[in-house]
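Below, each chain spelled out in residue letters.
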Amino acid sequence: MNREDGITAQRSTKPYVATTPWLDPKAVPFIQIKGLSKQFDKFKAVDDVDLDIYKGELFTILGGSGCGKSTLLRMLAGFEEPSAGQIIIDGVDMANIPAYDRPINMMFQSYAVFPHMTVEQNVGYGLKKDNRPKAEIATRVKEMLDLVQLGDLATRKPHHLSGGQRQRVALARALIKQPKVLLLDEPLAALDKKLREQTQFELINLQYELGITFVVVTHDQEEAMTLSDRLAVMNAGRFIQTGTPTQVYESPINRFVADFFGTINFFNATVISSDPVAKRLSAELEKTGTKLDANSEAAFAGGTEVTIAVRPEKIIISQQRPEGDHLTITKGTVEDLAYYGNRSLYRIRSQSGRVIQVSAQNYQRSEALTLEWDDEVFLSWDSSCNVVLSE
Amino acid sequence: MNKARQTIKKPYRQPLGDKIWRNFVIGVPYLWLLLFFLAPFAIVLKISFATPIVALPPFTPLLDLSANAGHWLLATWDNYRFLTEDNLYWISYFKSIKIAAISTFICLLIGYPMAYGIARATATTRNILLMLVILPFWTSFLLRVYAWMGLLGKNGIVNSLLVDLGLIDIPLQMLYTDIAVYLGIVYTYIPFMILPLYATLEKMDTSLHDAAADLGAKPWQTFIDVTLPLSKPGIIAGSLLVFIPAIGEYVIPALLGGIDSLMIGRTLYDEFFVNRDWPLAAAVATLLLIIVVIPIMLFQRSQQEKE
Amino acid sequence: MQTSSRLVFSALCFGFAFLYIPILVLIVFSFNQSAIASVWGGFSLRWYTALFNNQQIIDAALLSLKIAATSATFATILGTMAGLALTQMGRYPGRLVFTGIIAAPLVMPEVITGLSLLLMFVSLQELIGWPVSRGASTITIAHITFSMAYVAVIVQSRLSSMDQSLQEAAMDLGGRPAQVAFDITLPLIAPSMLSGWLLAFTLSLDDLVIASFTSGAGASTLPMVIFSKIKLGVTPDINALATLIIGSVSIGIIIASWIMFRHDKRSGTG
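Residue numbers (the numbering used here), protein chains in the order written: chain L, 2 to 392; chain U, 75 to 381; chain G, 2 to 271.
Hints were generated in silico from the structure; no laboratory data involved. In this text, a Cβ means the ideal position worked out from N, Cα and C, and glycines have one as well. A couple of the hints might just be wrong.
[As the list claims (entries may be wrong)] FRET-style restraints, in silico, Cβ to Cβ:
{"hint": "1", "chain 1": "G", "residue 1": "Ile260", "chain 2": "L", "residue 2": "Gly57", "range": "50 to 56 angstroms"}
{"hint": "2", "chain 1": "L", "residue 1": "Glu144", "chain 2": "U", "residue 2": "Ile208", "range": "49 to 55 angstroms"}
{"hint": "3", "chain 1": "U", "residue 1": "Leu109", "chain 2": "G", "residue 2": "Cys14", "range": "46 to 52 angstroms"}
{"hint": "4", "chain 1": "L", "residue 1": "Glu144", "chain 2": "G", "residue 2": "Leu195", "range": "37 to 43 angstroms"}
{"hint": "5", "chain 1": "U", "residue 1": "Leu109", "chain 2": "L", "residue 2": "Asp147", "range": "54 to 60 angstroms"}
{"hint": "6", "chain 1": "U", "residue 1": "Leu302", "chain 2": "G", "residue 2": "Ser35", "range": "45 to 51 angstroms"}
{"hint": "7", "chain 1": "U", "residue 1": "Leu302", "chain 2": "G", "residue 2": "Glu127", "range": "51 to 57 angstroms"}
{"hint": "8", "chain 1": "U", "residue 1": "Ser281", "chain 2": "L", "residue 2": "Glu210", "range": "45 to 51 angstroms"}
{"hint": "9", "chain 1": "L", "residue 1": "Lys195", "chain 2": "G", "residue 2": "Ile256", "range": "43 to 49 angstroms"}
{"hint": "10", "chain 1": "L", "residue 1": "Asp147", "chain 2": "U", "residue 2": "Leu302", "range": "55 to 61 angstroms"}
[Claimed, not checked] In silico contact screen, one side only, chain G against chain L (beta carbon under 10 angstroms); selected entries:
{"hint": "11", "residue": "Leu167"}
{"hint": "12", "residue": "Gln168"}
{"hint": "13", "residue": "Arg177"}
{"hint": "14", "residue": "Asp184"}
{"hint": "15", "residue": "Pro188"}
[Said to hold, decoys possible] Keeping only pairs whose Cα atoms sit at most 20 angstroms apart, straight-line, the calculated PhoX-like set for lysine-lysine is:
{"hint": "16", "chain 1": "L", "residue 1": "Lys130", "chain 2": "U", "residue 2": "Lys93"}
{"hint": "17", "chain 1": "U", "residue 1": "Lys228", "chain 2": "G", "residue 2": "Lys230"}
{"hint": "18", "chain 1": "G", "residue 1": "Lys232", "chain 2": "U", "residue 2": "Lys228"}
This is chain L alone, in the form it adopts within the complex (with noise of 0.2 angstroms):
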């Protein structure tokens, strides 16, 4: 079967609709994390946590390894107890509750196929322990094993399936007992990069379509953007920052989130003056004489020092001094240049020393270069790419 196929035809048949609940302040989450905690003899690996998830919500725990994304996963999933907090999912308190009476299930990063078994009895092992009816099983799973293209290896020993193969085993696995919350363990990381982009697009649809809350933990903010409806970053323990992936990505709250994700370039600053009311506050930039304006509600005292964080591809290079309101300009030498083909990434080096990195669409068909080493150019974005962090 064509793996082009295979995508289109999983495609929803539910036409798309947008929810937003984390906004909505009657809407009860599904799962309610508060204060959780969990200590390792003299590791903390898990500090006081709270996070909320929505019903029907696609969520992503990202952070690097060590972060303690997989320890709470693993509370969720009823395999580490607390040592401190809840977890409350659907309104039922889960504190000693063992693995196998939660409503729960987990897809496993090393896939965690019983070898032993064909994939059938794989698939059926849960309903079995839930002492469901022969027929009922039969057919349930059938059911499942094509909705997940599995339909003709039923009856396969897994050392005969590939990498990925093994995989839709556990999800389905994992899918056929409807649990309220399906937990997924680094899904794409061991799928080469065709794979995991088909992966990709299967489990949001399937997840649009079952309409099943899913709880991914991932190091790779590529996966995380691209998944989930929400995110929150984590880092030793605690959670940094939560939000959509568009708010991550453009209003990060402080260096360690902004840095997270793709490349963003930090300028220093001296506040000149800031307005909390009207969320204006100006500045200038990094003791060059550049005024610039941004908006932030915090307040800050004049003569503060602030870091601004602008991403490479809000900035504009041009060879003239640009003209328009709320712009921040500055001007530099082209330093190095690297040319992909669909984009050209500079770094340029502006008057106060720093190196910026600047990602431009190559918009026009040119067999010369548009900008050399050496170049005198100007820079230039909208003061509303200006993000003010303050740590």
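Please arrange chains U and G on chain L, whose structure you already have, making use of the hints.
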């Protein structure tokens, strides 16, 4: 929709079946070992304080609650006093430790290169060699010691060969000597040395050797600086697996040793079966237990470190 | 590098020669016509016929096999439970002591285990009237006790190298602890359990000291019979017995290795 499992009764109570299973799996082997392994040591200790009598069982009970007894506690230090006074026992204990230690060392000398060679072999050769090491272990230990009797006897193979080759005139006394005991112990216990050593050496990262060589170490230096220290867990496990049981070995000194090849296992056995002095045998056993307790704890520690 | 390779090679040759020459001599002389070990009197099967006519040896062999099979089975069950208890059941009071006493039988000198068990049986008899007499059942209990430690070590080692997530996945899907054990854990450690059974069987079959202590009138195991014979000196019918035992064990091991080799190949591992 499978509602039955998804709704959880409040408040949640752990099903009884889970607790029963857990207690069963933990409790049964634990209780068995307590009853048939640990508790017996307490009994040995108790009987070591008794006096041998002609009765069934042939020792006095610990408590005599009948009215005409002078003391109600019939314990005596006599057995231990006897142990410390009679030289036979001191000699047996020391000789046992000495023989066990030397045998362990010889096992290490022979076993280490063998384990090393097997670990370095190709996969198929390795499996064949391992099978060859394990094979004698699965055949009767008693019969293999018996084989040495045939080899070392006055009319045995070795002597006949030496006489036929003209190297000696009269047959050598090899059987019933200390040398025979050493041979017997090394022969029997060497698989116990090879297997843990092999396990450690096999797991060793060969890139460490390459790194050392790359940094200028000659083969001998690589061995002493890298291989030997990293094989320490195997050396310790193998040595303890030989040393501790060898101290209390009975069969080998009984079949291959002479009258002055005094090992404590044999002394204990004779005390029990020949002299029928149960309390004295119990005292010998208690003392032996005290001697081996520390190496045993070392062994337990080395096993736990593996986890 | 060359000298050390040569050293290792000669060590291997010497070592294996040392291990096997006595066995080979044993086998060769089982076919000796003459009764004197060192004199070759021609090829003969007389010692094998003598063996098959020796009722004492045959009875002892049957008893030993019966005890070995029984004790191996129970030792495997108990040893596997101990292995599970020590690796899968988390923490509980007394766990440290348990880890201690499960390792001790591996190295404990047999005279101590034997004597202590005998004294235990005697005390139990006084206290509760059981065991009424010592014999096959007490020997079996003794063998189970030390064999289970070996099985536990084998099972523990296999469990600790097993992928933990398989059992967690089963739990996650609704398997209660007992179900997970029977559905997932036991099938996956089955080869180790079999190795354990075979080891326990061999240890029981081979044991002299502990059987001597814990036996009673009328229950003579094969090692006990052999020992009483060889204490007096070398007799070629024992050579014949040795050859039979070594032969059957070797064939067994070769078959087992071949089966395992084929199994690994088929399942794609190894």
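Against the structure, the hints:
1. G:Ile260 - L:Gly57: 50 to 56 angstroms: Roughly 53 angstroms apart at Cβ, these two residues keep to the hinted range, so it holds.
2. L:Glu144 - U:Ile208: 49 to 55 angstroms: Given about 51 angstroms between the Cβ atoms, the range holds.
3. U:Leu109 - G:Cys14: 46 to 52 angstroms: holds (48 angstroms)
4. L:Glu144 - G:Leu195: 37 to 43 angstroms: holds (39 angstroms)
5. U:Leu109 - L:Asp147: 54 to 60 angstroms: holds (57 angstroms)
6. U:Leu302 - G:Ser35: 45 to 51 angstroms: holds (50 angstroms)
7. U:Leu302 - G:Glu127: 51 to 57 angstroms: holds (54 angstroms)
8. U:Ser281 - L:Glu210: 45 to 51 angstroms: Holds, at about 49 angstroms.
9. L:Lys195 - G:Ile256: 43 to 49 angstroms: Hint holds: Cβ distance 47 angstroms, inside 43 to 49 angstroms.
10. L:Asp147 - U:Leu302: 55 to 61 angstroms: With Cβ atoms ~60 angstroms apart, the hint holds.
11. Leu167: Result: holds, 5 angstroms to nearest chain L Cβ.
12. Gln168: holds (9 angstroms)
13. Arg177: holds (6 angstroms)
14. Asp184: With a minimum Cβ separation of about 8 angstroms from chain L (threshold 10 angstroms), the hint on G:Asp184 holds.
15. Pro188: Nearest chain L Cβ about 5 angstroms off; hint holds.
16. L:Lys130 - U:Lys93: Distance of about 18 angstroms is within 20 angstroms: holds.
17. U:Lys228 - G:Lys230: holds (18 angstroms)
18. G:Lys232 - U:Lys228: holds (15 angstroms)
The structure is consistent with each of the numbered hints, conforming to all of them.
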